[in-house]
Amino acid sequence: MKDLKPTNWTGRDDAMVEAAIRRGASRRELLKMLMASGVALSAGGSLLLRAGQAVAQTPVTGGHLKAAGWSASTADTLDPAKASLSTDYTRCCAFYNRLTFLDEGGVVKMELADTIETTDAKTWQIILKPGVTFHDGKTLTASDVVWSLKRHLDPAVGSKAAAIAEQMAEITAVDDRTVSIVLAAANADLPTILSLHHFMILAEGTSDFSKANGTGAFVCETFEPGVRSIGTRNPNYFKDSGPYLDSFEYFAISDNNARVNAVLSGDIHLAAAINPRSMRMVEGQDHITTSISTGGNYTNLNIRLDMDPGSKAGFVEGMKYLMNREAMVNGVLRGLGEVANDQPVSPMDKYHNPNLKPRPYDPEQAKALFEKAGVLGQAIPIVTSDAANSAIDYAMVVQQAGNEAGMPFQIERVPSDGYWSNYWLKAPIHFGNINPRPTPDILFSLLYASDAPWNESQYKSEKFDGMLVEARGLLDEEKRKAIYWEMQEMVANEAGTIIPAYISNVDAHSSKMKGMRANPLGGQMGYAFAEYVWLEA
Amino acid sequence: MLRSATTWILVGQRLGIALVTLLIVSFAVFFATELLPGDVAEILLGQAATPEAVAGLRTAMGLDEPAIWRFLSWLGGLTQGDLGMSYVNRMAVADLLSGRLANTLRLAGIVTLVCVPVALCLGIAAAMWRGSWLDRLVSVLTISVISVPEFMVATLAVLVFAVWLDWLPALSFGVNVDSIGDMLRAYAMPVISLSFVVSAQMIRMTRAAVIETINTPYVEMALLKGASRTRMVLGHALPNALGPIANAVALSLSYLVGGVIIVETVFNYPGVAKLMVDAVSTRDLPLIQSCAMIFCISYLALITLADMIALLSNPRLRR
Amino acid sequence: MSLALRLPTPARLGYSFNRVGRLGLAVILFWAVIAVIGPWIAPYPPGDMVDYDYFGPMSQQFWLGSDYLGRDILSRIIMGTRYTVGIALAAVILACAGGVILGMIAAVVGGWFDTLLSRFLDAFNGIPHLLFGLVVVAAVGSSIPVLILTLAAMYLPGSYRFARALAVNVNTMDFVTVARARGEGFGHIIGREILPNILGPVLADLGLRFVFIVLVLSGLSFLGLGVQPPNADWGALVRENIEGLSLGAPAVIFPSIAIASLTISVNLFIDNLPTRIRDRSE
Amino acid sequence: MDQPLVSVRDLKIGAKTDSGRDVEIIKGVSFDIAPGEILALIGESGSGKTTIALSLMGHTRPGCKIHAGHIRVGRRDVTAMSERQRAAMRGTEVSYVPQSAAAAFNPAKRIMDQVVEITAIHKLMPRPQAEAKARQLFRALALPDPDHIGSRYPHQVSGGQLQRLSAAMALIGDPALVIFDEPTTALDVTTQIEVLRAFKSVMDKGAMAGVYVSHDLAVVAQIADRIIVLKNGVVQEEGPTEQILHAPAHPYTRQLLDAFEPVPHVPEAQAGTREPILQVQNLCAGYGAIRDGVPAARILEDVSFRLERGRNLGVIGESGSGKSTLARAIAGILPAYRGNLLLDGKELAPSLSDRSKDELRRAQIVFQLADTALNPAQSIEAILARPLTFYHGMSGAARSKRVIELLDMVRLPGQLRHRLPSELSGGQKQRVNLARALAAEPDLILCDEITSALDTVVAAAILDLLKELQRELNLSYMFISHDLSTVEAICDEVLVMLKGRVVEALPAARMSTDATHPYSRLLIGSIPKLDTGWLKGLEQDPALLAQFAGR
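Protein chains in written order, with numbering that gives the first Met the number 0: chain A, 0 to 536; chain B, 0 to 318; chain C, 0 to 281; chain D, 0 to 550.
Mixed in with the good hints, there may be bad ones.
[Unchecked claim] If you only want the chain D side, here are some residues facing chain B, beta carbon under 8 Å, derived: (1) G62; (2) C63; (3) K64; (4) A86; (5) M88; (6) R89; (7) S99; (8) A102; (9) N105; (10) P106; (11) I120; (12) P125; (13) Q128; (14) H154; (15) S157; (16) G158.
Because the hints were derived from the structure by calculation, they are not lab data.
For each residue, glycine too, the CB sits at the ideal point set by N, CA and C.
With the hints as constraints, model all of the structure from the sequences given.
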């Protein structure tokens, strides 16, 4: 994790912030305080979070926790391969385990795996922890792992991670506790890949997903798709600590306002992913704490390079100059985000290239570039939708900037329903939204390789593809970093994907709920919070 | 003998018409669903919907057969009481639906119990003392309520009662219901919001229907017999206004089954309306069809019930 | 004889409007004027972020405060008038025109045509309005013509029912029989004999439906559908700023007042229509 | 003389019009009623007779208000009472028999419940006793099956019976004063006699005072002791019945009496030689679903007649006899399913849609109620212009000129053409109705009860107009009416109809003498005469009554 601590920040300041938090100062007051000491707004968020954690206490056991996500439907599933909504992830994390997971610093930790070893990044040996049992009493064996991973390759399963799982050419059980994975090509990131939520380990042969039979911290008590799920503490959990809660209830309140109201009124303990606009409602409330994590989630403007007007030289660059990134972060995201520089590797990632500066907002320069591209004054449509976070507000910032640069953009809001299959990747200029991925390799192969399934701007570069394969197999960190830095530069300058900001996730929760920490895999501690938090009396 | 025979024929006719209506609706819903872009597989895969993945999932879900064939087999199943399986999560539609329907009916039932007596009393009272302060107050209130968007009423209610006053829970579902009191508290808010919306219309229609019958010669006749106002209205006007009132009540109540989507959203109440919206967004045809059938059946049932009440309250039609 | 004498004015037909009705009419006309002259009087472009604060208070600079992105609420309400009033009006006129024409045809033709059409529209009415709207807008996107057509389709069956009932009554009147006996065609009977006689109640009904459409439109906006940004109808304004409600932000209060003022006025106007018109509509 | 039971002094009642203006509809009326006396209020529509009658109960219709004056009933002043006191008085001291019992009975309640309701409201007697009394009254009013008729619903008994039941309802509280508000106007003549007889007998027995509101002098003559003639809310003349009938002092009263006996029609000399304008042969028509070429409800059966050019045919019969259906079948509105129609010797298609425009033009129909026959949304000019355009293709100035001519033909001023029907009086409307038929320049006009809804004086004027027009335009009329004197006044020949069949054809001038069919005789004999002793002296064959009028 990149340390965001400003250089002149001292331990004394930390103490001051902590004291203020104890006093019950609102986030707004604290931010003011921080502003006074010259700390940038974006950095302020993470500092606060850290200070909040410092007021940590010893965990208490017991209690029933109620938490609300933002999306639920009858498509809710207990099948990790199909998991697509945040609620699915949270459920899977509570009921199942992965081989590995990422901690708050983005460092790979072992979960069901005891060790993962390789010499060439191609053949991997995974040894499982001993004595892990499923909720039905069955002991975890290597064949469960083999089955759980292999099913992603079966199209009938409809796995979301099929594309990533494809590289696992051979998955075999060596003995009861050892699994061997041979990759099609070397990939040093396999331990990180295995921490993806889709790669939860199931009992071999599971076919009924109306109940979850996992090794997780909670036993699935109730699962009603689109309504709620309830888990009770797994008494035989294999980890030394946790879970602390007796039971855990999770459901979704899709309406942001209703979700915030519910946490304010104390009906729920946690409201996940609240809208930046609601910050004022939760700020200054003693009984509410906010947990802010800035990961690699971003909403981007995609301009397809193989279609008009993206194919015209200068147009994409002009658009990059037209991004009023400050306005987006401060206006749309209300400061809950960080200005980005058109490439997907976030500052939370250890491979992030800090030398790559975002393009300034320069309508004049943009105008000149549009003139050059011969599109100046044309009413070019931009497709946007609620499906992508804040995309509509972004679109309006772009439109306003366009007016200054002599480009009357035409906003086309389309239904979020069906957006991903009908507009995303397809329209000449459209918005997309990408969730955090644990490694640059996944990001690049998913989004920027010439044959990437989600090549949002149809970026094609042989050099880039070569570098991607090269870096993947490298076990030398320094060399890898250098290659990834260059690739970031290439994406920022050549691709048609404009990433104006990394969006912070804000979870509002009752101050009684303790133990929340940020995680690069997403809000709610990478959706795994249920296992780690506790309720104070 | 003859009388009962004709009654049965009438009932049979009505049922026949209702069945045909249902059939028409289910076909209409089917074609509408077919018109929607995307299918279950594409929607389920979302961002991961590569052509191969979609094709694979389609095969796996048995969506390869032509849609009309699947629809017809669903219809066939329906005749045997089988609502089919949800495409999306392979659960029986009946299971998915039963809990939601129970929720919806419970909410609708409570609202009906609260609303209908209140609305009828207010409507009749307003008509009885037409032009009085009560009438004016009622008409100002009803106009205000039907003029304000439902989501404003609901959101404001949450803010005032749950967040500021902390009297009632903000959610009606997901709170602990241990006692009757808890249950009352849990349902209070959606019931209040819905009651406002539903009863305003009922009050207005009741008032209009009663006033219309008050203006008839037989009510004037009652006046000329020396009847009190109460007797005139309750004894003479009301029995003849029952038909139109029942109709108005039925129309308002039919709203409670499918029209409560906003209240369900704001209070996070898992009812059938939300289920249908979900089903539509995932193109889950058996589920969409079943929900549509429920809306249609409840609408038809209420309308038919109203017709029956009108029929029974009118001796001329009763024969 | 001047033209004025020939027109069936309210006064000549024995109508008069009372004070409350006039007040309602005044507010309706006010919004109608705003809808027309909106672009010339809006102080800021409605889509531009002009305030650095969000949910800004009422001030000299921003009379009705600013919204969640720092846009001027006054300008947005003024522009929203066009969409709210325009869409609702277009939809209600379509719905009522369609419903009235079909209703009159059904009343005059009668028989199986009437039965079939009535049944079909009844069944259609069984589908909840908002759900229908959601489905259509999800299927074909939310452009203004789509919104108008969808809303019109939602309210056509009701209007049909109402108009048909009226037309059935008029159709039995002797003057229609006389026209028929004269050998008049279908068009004349519907257009000249029946239509003018159901117009009063139909217009009153149109007003009520207008209110419903304004509300449904705002409901659709609440569920995230509606006019294309940066423009917005009033319902969308309330929706996008609803987080400001607990802060008492003017950004959510004023659009709500706008909606209520319009719908209440229409209701007041209709409720206080002269009895000659209204009684037939009750 | 005793102190009168009722005394009304200087009564003024105002009404608010739709446009919000206040008009005085009763302009200072004073009269007395002695105990046991029956007073008749006579006048045309709008004369205020019903308003005055209702005010005796302290009731005014919505929008009306008593402005001044006193109404004393018994010892108390009704105008000074509270609403509660008035309610206590209604039904016990003063009671009311409505014009249309069919409308005044609550359709949702059984007859007995409604008849004894007064006893329940005022707690006069226990229910069984009240029901016994009601049955007694039913018997006194000569109602059939008096023991069980009370358990029926209003729609299950006939109009004449309902009217008598409403009298029972009024009498059950033993009131001192009964108000009859045109109680027989809506009834057929044969039924009217029954009802009148029943009323008269109970009133005589009970020694109650009554107010009888009517526009029909002949009916009033049978029942009233004294008559007040009203016009526009002002008393024109007041006097004992005999005096009013035989020695009227006021010109308006004389006008009323004159209108009652119109000048009989003098047929033109040469008869039977001219070609028939209309020939009807074995005509059958009916309503409802047609099965095997025969409709479910057959109304007309086998009707045949011929009408010669320039002559007039009357069709009489009671409601339900099929006389209006006959007109509709001839006009083609209700296509006949069997039989032939010949217009001017040429075969007419049964259905409208199969007739040529010229055939349609030559036979025009005029309906009874000008209110519903004229499109309320069109100006008079538009109403009259349409047939001119439609049949004669006229437009512009020529058409306007013709509209003025037509109005002149029906004796209406030309400026009227800019008005709407609602701005005209009943008589004016009926003239416009007629003018519209004339606009087509027809050979034959089918007049369906065109004078029945009009006041006698106005109706007489319309008849005169019809005669004049016939002379000018060589028209033929088929004149349908239930009113025999009207038919007598204009027709050459008369068809008597009963249950869809023609029972007899008679020369109009000698109807009462020539009639041979028993029903014709009964019908003709039932017409009230301007003679106080007519009802008493009338002898009717009970068997005949049972056969034809006991519906």
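Supplied contact hint for D:G158, tested at 8 Å Cβ to chain B:
Not OK, violated: D:G158 not within 8 Å of chain B, min 14 Å.
Let's test the interface hint: is any C-beta of chain B closer than 8 Å to that of D:S99?
Hint holds; D:S99 Cβ to chain B Cβ min 7 Å, cut 8 Å.
Hint status (Cβ of D:C63 to nearest Cβ of chain B, threshold 8 Å):
13 Å, violated
Would you check whether D:K64 satisfies its interface hint, that is, whether its CB is within less than 8 Å of any CB in chain B?
14 Å, violated
Does D:I120 pass the interface check with chain B, least Cβ-Cβ distance below 8 Å?
Hint on D:I120: holds, closest Cβ of chain B at ~5 Å, below 8 Å.
So, D:P125 near chain B? Judge it on the closest CB pair being under 8 Å.
18 Å, violated
Quick check on the hint: D:M88 CB to chain B CB, less than 8 Å?
7 Å, holds
Proposed interface contact between D:N105 and chain B, which counts if any beta carbon pair is under 8 Å
4 Å, holds
Grab the minimum C-beta distance from D:S157 to chain B and call the hint holds if it beats 8 Å, violated otherwise.
15 Å, violated
Once the shortest beta carbon distance from D:P106 to chain B is found, is it less than 8 Å?
Holds - the Cβ of D:P106 comes within 8 Å of chain B, reaching about 6 Å at its closest.
Just to be careful: measuring from the Cβ of D:Q128 to every Cβ in chain B, is the smallest value less than 8 Å?
18 Å, violated
Closer than 8 Å between Cβ atoms is the bar; does D:A86 clear it against chain B? Give me holds or violated.
5 Å, holds
Checked against the numbered hints above, the structure breaks hints 1, 2, 3, 12, 13, 15, 16 and satisfies the rest.
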